[in-house]
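Novice: Chains A and B, in that order, are what the protein sequence lines are. When we follow this note's numbering, the leftmost residue of the first sequence carries the number 2, and every step to the right adds one. When we follow this note's numbering, the leftmost residue of the second sequence carries the number 83, and every step to the right adds one.
Everything labelled a hint here was simulated from the structure, so no lab data went into it. All values derive from a computational prediction rather than experimental measurement. Hints may be right or wrong, so weigh each one.
[What the hints assert, rightly or not] Just a few of them, taken from the derived set where beta-carbon distance is under 7 Å, the chain A residues facing chain B: (1) 64; (2) 201; (3) 210.
For glycine and all other residues, C-beta sits at the position ideal for the given N, C-alpha and C.
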Amino acid sequence: MSGVLDDLRVLEIGDASGEYAGRLLAGFGADVVKIEPLNGAPSRRIGPYYHDEPHPDRSLHFWHYNVGKRAAAVDLTCPEGRALFHRLLQHFDVVIAAGAPADLEAIELIDGTALRCKNPRLIVVTITPFGLDGPWRNHPATDLTLMALGGSMAVCGYGPDDPPLTCAGWQAYQTACVYAVHGVMGAVLARDLTGRGQDVEVSIHEAAVSITEWHIPQYVFTGLVSPRAVLGLQFPARDGIIVSTIVADFIGSDVIGRVCDLLAPDGLDGPLRDPAARADRRRFHAAVAAALERYCALHTADEIYRAGQAAGFPWAPCRTPDENLDDAHLHDRGFWVPVYHPELGRQFLYAGAPFSAPACPWRVVRRPPLLGEHTAEVLAEAGVDGVELQRLRAAGALTSSEGVAIR
Amino acid sequence: MMSKNAPPPLAGVRIIDLTRLGYGAQATALCGALGAEVIRIESRTRPDPVRVMPPFVPQPGQATQTETGFAAAWTPELGFNRGGIFFKYNTGGKRSVALNLKEPRGLELLRRLIAKADVLTESFSAGALERMGLPWDGLRRIKADLVYVSMSGFGHTGRDRAHVTLGPTAQALTGLTYMLGLPGRRPAGWAFSYLDHMGGYLGAYAVMLGLRHRNRSGEGQHIDIAQIEPGIPLTGPIALDRQANDRAYRRTDTPPGNRSPEPSMAPHGVYKCSGDEEWIALACRDDTDWQRLRGAMGDPAWACAARFDSVAGRRQHEDGLDRGIETFTIAHERYALADRLAAAGVPAAPVQNARDRMERDPQLRARGYFVPLPHTETGTWPVERPPFRLSAGDVHAGGTIRRGPPCLGEDTHAVLRTLLGLSDDDIRSLEEAGALR
Numbered sequence: 002m003s004g005v006l007d008d009l010r011v012l013e014i015g016d017a018s019g020e021y022a023g024r025l026l027a028g029f030g031a032d033v034v035k036i037e038p039l040n041g042a043p044s045r046r047i048g049p050y051y052h053d054e055p056h057p058d059r060s061l062h063f064w065h066y067n068v069g070k071r072a073a074a075v076d077l078t079c080p081e082g083r084a085l086f087h088r089l090l091q092h093f094d095v096v097i098a099a100g101a102p103a104d105l106e107a108i109e110l111i112d113g114t115a116l117r118c119k120n121p122r123l124i125v126v127t128i129t130p131f132g133l134d135g136p137w138r139n140h141p142a143t144d145l146t147l148m149a150l151g152g153s154m155a156v157c158g159y160g161p162d163d164p165p166l167t168c169a170g171w172q173a174y175q176t177a178c179v180y181a182v183h184g185v186m187g188a189v190l191a192r193d194l195t196g197r198g199q200d201v202e203v204s205i206h207e208a209a210v211s212i213t214e215w216h217i218p219q220y221v222f223t224g225l226v227s228p229r230a231v232l233g234l235q236f237p238a239r240d241g242i243i244v245s246t247i248v249a250d251f252i253g254s255d256v257i258g259r260v261c262d263l264l265a266p267d268g269l270d271g272p273l274r275d276p277a278a279r280a281d282r283r284r285f286h287a288a289v290a291a292a293l294e295r296y297c298a299l300h301t302a303d304e305i306y307r308a309g310q311a312a313g314f315p316w317a318p319c320r321t322p323d324e325n326l327d328d329a330h331l332h333d334r335g336f337w338v339p340v341y342h343p344e345l346g347r348q349f350l351y352a353g354a355p356f357s358a359p360a361c362p363w364r365v366v367r368r369p370p371l372l373g374e375h376t377a378e379v380l381a382e383a384g385v386d387g388v389e390l391q392r393l394r395a396a397g398a399l400t401s402s403e404g405v406a407i408r
Numbered sequence: 083m084m085s086k087n088a089p090p091p092l093a094g095v096r097i098i099d100l101t102r103l104g105y106g107a108q109a110t111a112l113c114g115a116l117g118a119e120v121i122r123i124e125s126r127t128r129p130d131p132v133r134v135m136p137p138f139v140p141q142p143g144q145a146t147q148t149e150t151g152f153a154a155a156w157t158p159e160l161g162f163n164r165g166g167i168f169f170k171y172n173t174g175g176k177r178s179v180a181l182n183l184k185e186p187r188g189l190e191l192l193r194r195l196i197a198k199a200d201v202l203t204e205s206f207s208a209g210a211l212e213r214m215g216l217p218w219d220g221l222r223r224i225k226a227d228l229v230y231v232s233m234s235g236f237g238h239t240g241r242d243r244a245h246v247t248l249g250p251t252a253q254a255l256t257g258l259t260y261m262l263g264l265p266g267r268r269p270a271g272w273a274f275s276y277l278d279h280m281g282g283y284l285g286a287y288a289v290m291l292g293l294r295h296r297n298r299s300g301e302g303q304h305i306d307i308a309q310i311e312p313g314i315p316l317t318g319p320i321a322l323d324r325q326a327n328d329r330a331y332r333r334t335d336t337p338p339g340n341r342s343p344e345p346s347m348a349p350h351g352v353y354k355c356s357g358d359e360e361w362i363a364l365a366c367r368d369d370t371d372w373q374r375l376r377g378a379m380g381d382p383a384w385a386c387a388a389r390f391d392s393v394a395g396r397r398q399h400e401d402g403l404d405r406g407i408e409t410f411t412i413a414h415e416r417y418a419l420a421d422r423l424a425a426a427g428v429p430a431a432p433v434q435n436a437r438d439r440m441e442r443d444p445q446l447r448a449r450g451y452f453v454p455l456p457h458t459e460t461g462t463w464p465v466e467r468p469p470f471r472l473s474a475g476d477v478h479a480g481g482t483i484r485r486g487p488p489c490l491g492e493d494t495h496a497v498l499r500t501l502l503g504l505s506d507d508d509i510r511s512l513e514e515a516g517a518l519r
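When you get a sec, could you build the whole thing from the sequences and use the hints?
Specialist: Given below as structure tokens:
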């Protein structure tokens, strides 16, 4: 069975903000080649590392975002390297460039129209902090500052007296990458008909703005701005794990009846059964919260999860990400994909398909690439012969010899 | 530049859309913005909860609500077209057709619409469509190459497939709730349903992959999305850390709050500014950024201490570092300070709330992020457009019809006439039978 994107050759370049896009495309069959500096992509220097030994081929961060890709090391700071890169572009369908606009300009990647003079089918994707125009175009940014602008931090946190918080990991970057994939798919579907590529321009800032659910409509329609607060009712279970239970918006009379049934064996349902108690919504919600808090303290998180779900409630324990390695349901669905790392003689489970597409399934055919692992291979595919390879090495555009893989 | 007059990428694609709430509906909103014709199937007998959930859209001429506290509950006088959150989820020029699927004739109309569709989307609990008499085997008989995208909480396979989610449930399970908080405290979690967005966005990817596969092979399929699965990769390398280093993430030093142990950056946080509830976020990516920040602060004596020279030292003394920085930021207005620091090369930005994003953010304004769209009953309102542009494809928050979210059943007659060729008499008879409620 072939992949739905197996005719797509994707060149990926730039900083770590765009790496999730290539991963999402590679899983459905695209041949994603990462162009990295001779000393490795910046993301190779982000920990944690395998056995906590910092090394370009041992970054677990790099592994997560680059599994399924190939990698070629080319020095784009020298003219020969840039020329080589632009020659490679003629053999690719998509280029995904992530970083500050000035960095993309330095490698002549901003002007898609010019690039398409040589390769009319090329789809040029830029993932930049603020997009390619506007007063903040060249402002420096990180995921943190973009999440701050996006609006989620203002409302995420323990309360007005505690600071605004962002989520660990790079949620603004990852959100932008998913939108970049939409742009790529739109451009690919259009190109399937027209034969011509186009530009896809993604603003990470706008991506981070887009994820705050009701907060923009609430301001538009009421002029109100929500204070920072914890969403829903979360309580510690007997084993100390916090459980996310009910969301206030969804407390209707049918729901309360079932909540009461769940609380009855512990004798906690009494105060909620009285219809008169439901007259004042705010006080009734407080009574529901108090009863649920006592219920949670009597049972383990997993018991509460199972009992709540059996009653049809969208309850769940607040797991850590790694605790899902033990989730039987995810294993039933084949979510965790084993990937063998021959250099380490070990197999690791990687988070797999974002969804199950049986006619064109997600597959991981490669472990994450070693530094510059596929340089010669990728260049040969673009018609670079041995003589030229030597010339490029001598010019410093490529590493002088094959990289040495760790054992 | 190439012509903007080129058709949008999904021109000619028809989606019959049974999604509700935020997670499913955002998938089809994106498809609509990319040019698909999205036909929502709804019913007054069982309205989408966000049609009857506050905040409510004021009527033309009516002042916006200003009362604080608990939002007013829905009343029948409000109708089904004033749910404000509906506006967020149902852009893309979606049409709305009212069908009562409990009536045999209503269900029959749905079958006939599916026969004319490229894509069917739904966000019911697993098995619900089957119980309505539309199992995947039956759907394929209606339309052989149908792309059917189901968007449930846990998917249609696996032992927990009957489990249900809202955004907060999926966030709790994946770890995204745990990852937002201060070390040693309970998780704060997301204040909204981040995974309704990210799950929904992956739904749009699924639709487009399914269409491309169909275009290439002639084959339809049932693509099955479980809301928790798109969420897990967003947690990064934590599951690999457990396998590689036997290190569990549930420990006293996790989550890191706003700090950045990896990649090692300091300062990396939010700091109070001069106004009430006004904060600035700033990050020093390396020692150069720190020197720039120190210079912008006027090289105060505390900041020139040698222990702050390296990122390792700043990480080790981060509490003192953060206190020192806040003595500086507290005296400044957040936007002016962010501009000044950005000009000095330091990543810095005000913490913006919804009002700031709409009223102050000059970048969003310059790039036209908020798009005014007409709503048939309540006038023109700003909605958010997709955060990407195509140079040769007309991506628009109002879809090809440039319209805001649909009123319930607004397009019933038009769709039944044009798509199914029904006559006025047919429609009247269906209405009398209660099939179009």
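Novice: So, for every hint listed, does it hold in this structure?
Specialist: Hint check results:
1. 64: holds, 6 Å
2. 201: Given a least distance of 6 Å, the restraint on residue 201 of chain A holds.
3. 210: holds, 6 Å
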